[in-house]
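What follows is the residue order along each chain.
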Amino acid sequence: MPEPVLEVVDVRKRFGPNVALAGVSLAVEPGELFGLLGPNGAGKTTLISILSGLTNADGGGVRLFGERFDRSRRDLRRLVGIGTQDLSIYPDLTARENLAFFGKLYGLSGNTLESRVDETLAAVGLTERANDRAGTFSGGMKRRLNLAAAVVHGPKLLFLDEPTTGVDPQSRNHIFRHVKALNAAGMTVVYTSHYMEEVQALCKRIAILDGGTLRACDTLPNLLNTLDRRVRFRFAAPVAGFENHLTELPGAIKVTATESGFDVTTDSIPELLPRVMALAAERGATIAAIEPREPTLERVFLHLTGRELRD
Amino acid sequence: MPILTLAAKDLRLLLRDARSAVILFVTPLVLILVLGLALGEGFGEKPDERLRISVVNLDRGLTTKQAFPEKPWSDVVIDDLSATQDIRLEVIPTREEAERLVARGSRAAVLVFEPDFSERMNRTSFLTHDTPPPINPLGRDGVRMGDLGLQLIADKTQPVSAAVIEQVTQVTLLRVVIPWMIGRAFERVGDDAFMAMVAERLMAVKPVPPQVLQELDPVVQKLLAALMKDAEFAALMLKEVGFQDSLVIGKRGPEFQRVVQKAFQNPKMMARVGKEIAFGEVLTPAVRREVGPKVQDGVADLFSNYNFKAKTWADLVKSQSREANTASRTEYRDTSGSGFLNRGAVRYQVLVPSYTVMFAFFLVLSVGWLFVAERKHGTLARLRAAPLTRGQILIGKLLPCLVVSLAQGFFLLAAGYVIFGMTWGTRPDLLVPVVICTSAAAVGLAVFVASIARTETQVAVYGTLLVLVLGGVSGSLMPRDLMPEQMKSASLVTPHAWSLDAYAQLLANPNPDVGLIATACGVLIAFGAVFTLLAWWRMDLE
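Same order as they appear, the protein sequences are chains A and B. Start counting the first sequence at 3; every next residue gets the next number (this note's numbering). Start counting the second sequence at 16; every next residue gets the next number (this note's numbering).
Do not take every clue at face value.
As the list claims (entries may be wrong) - Which residues of chain A face chain B? A few of them, derived with a C-beta cut under 7 Å, are:
#, residue
1, LEU56
2, GLY61
3, LEU89
4, ILE271
Since the hints were derived computationally from the structure, they do not count as laboratory data. All of these numbers come straight from a predicted model, not from anything done at the bench. For glycine and all other residues, C-beta sits at the position ideal for the given N, C-alpha and C.
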């Protein structure tokens, strides 16, 4: 096993009487695109702030690239990039000036700086607007520039905190593509969002945070596998004894009667469906509706926290 | 290096911030211009309640030396003016300058002594005829100045002030002209020409009135009695008329005297015998020589409170003469300056440093907004995440503010010189440390305010309030010289006051006190350091 790029052990943080993080532990492997999912107020931004050196934890420990990390470790901060939840660019500087400034802060200079700025502008699709002031950009372009500012110095570990908040679909796709490209190029990415579709689409491993507590942290299939697969069958009219026949079908693990039909729990919905259809034809039952229910992150979250993600 | 990167970025942002440019560079210029025009040219000059009389002296003086005056008559007049209570005399070098000053209303009136003033003054006399021809300068309203070669250039828009100056001049001229004319006239009383003129007039009195001859009787009697007793007369008689007749006359002398007396006492006889005699014949040249001075003495005795022989007013009225007050006499100094406004630079010697100091501290707003903007745009978080120390971030922000403040200070002083025509004093080199130290104090205060304020509104409220209150307390809004001493001392709790004192030394004092300037600079640096330390302690970058 390679040494984790990021290791979080029992990190705690309070803001007055409010507990933001109640002992979070997780690890991110090199080259991973790691998702941090949670509703607003779950503690994602606080955790990212600690991990990127913006603030110190009250307790616990963080290790970056195998070394103990806190705000005093400027050498390690140099290896990290952060795409903040709120925009953090200068509206009165041009896109190029913004990137050049942040690049210089991380020690880039001369031709290296120039080429990095050009590459990054191209990667986020802002080359044509490079010399326009950021204040004149649309919301999506500002988001892309914000992401570019986080990666212009070529960090090894990138934290992206809700990078698609308030952006149009075009910019969102741009950001997705760029994040995937960065990860493909070897950059480790920690991606936080409260949009499960984004995390589900991008991340291989996902941590679910709620109320300052880590509820789960695993690969997507493993998380989904924590939930069963069900199909709901609605019948035009009740059929006597049909529940017993269903229970005897291969692949049907559990059958539960509902108001107008049955819920069948199975290992494989595609294998179960033709068997149920054949049984219905044989017994003269008319199926009015079939509702397959695959496990989703939404359901995983509901399962873990007892509430909807967007509550 | 990161500090310079931060500084360059903030400097770029400040330069692109039109709001700051207006506040720091344009507003003070406009205020200086408007206040300069509103307060007038005299603003900033030391208050002097005395009436200013301005003169141009073109007088050539007297061509020949004489006992009085020993100097040109114009100097006599100027001495009298400058010795007058509550008057200060200003000497303007040329008529053209005087005309320019009057034309633009800087002077209500200017007296011009023409080149022939002394020569004309010398000819003033009560005489009708003389050589050279006399000048009678006295008229209904006093002295006719034009007759003396004295011109009053007056501003018609300031008639009252001009009239006051004219009346003061009239009084002085009367004090100078009247004694001179009286003295010269009195010299003539009883002199040969005067007595000859009297005799000539008396010659017209013919026949001599009998009473005159009758009144001569006692004299005639005394003469006859003395003659009769005189041995030489007896010898003369003996020689001229012979022994016998001389004995007869000698014995009958008393009888002859009585006869003569009776004849003199007879008016008809006197009228008859005096028929061919003119009264003026009595006033022979010898008599006139004797009588003339006695006439003068008699007049002098009659008016003994005055000395008619005097040539000055003090001598005429027999009082102690006044010393010319040279302290109240000044040479005209062109204070309009070299700026293209060319409208009285003295006021700008006060206004420019005042507003340079006050607006240096308006940096509070720009710096405050810079910090607030960094928070508002979220970039402060990115700076904190970057491999920078807190000190690097703060110094990176201080540097461009200091650069802007220095640029502002030097810009306003340069504008003061170029536009308003102020001078940089005798030690312009020392303006550099004063500008630098003032900027250091201003930047310190600005960063301190930025460490307290969290929003643009807070910056505007705290900053404006602080700048205006400190400006008022320190004397930036008015000349510090006009402040009560207690307030002046109390104002030293502000950095503005120290800066203003240093500027006052450099811009208003021809011999600036370098020690005082060094002290002020030290205090300003201390202010800057304390404010910066407070900001360091108070600044929350999270």
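Status of each hint after checking the structure:
no. : hint   : verdict
1   : LEU56  : holds (5 Å)
2   : GLY61  : violated (18 Å)
3   : LEU89  : holds (6 Å)
4   : ILE271 : violated (46 Å)
Taken one by one, the earlier hints fail for this structure at numbers 2, 4, listed in ascending order.
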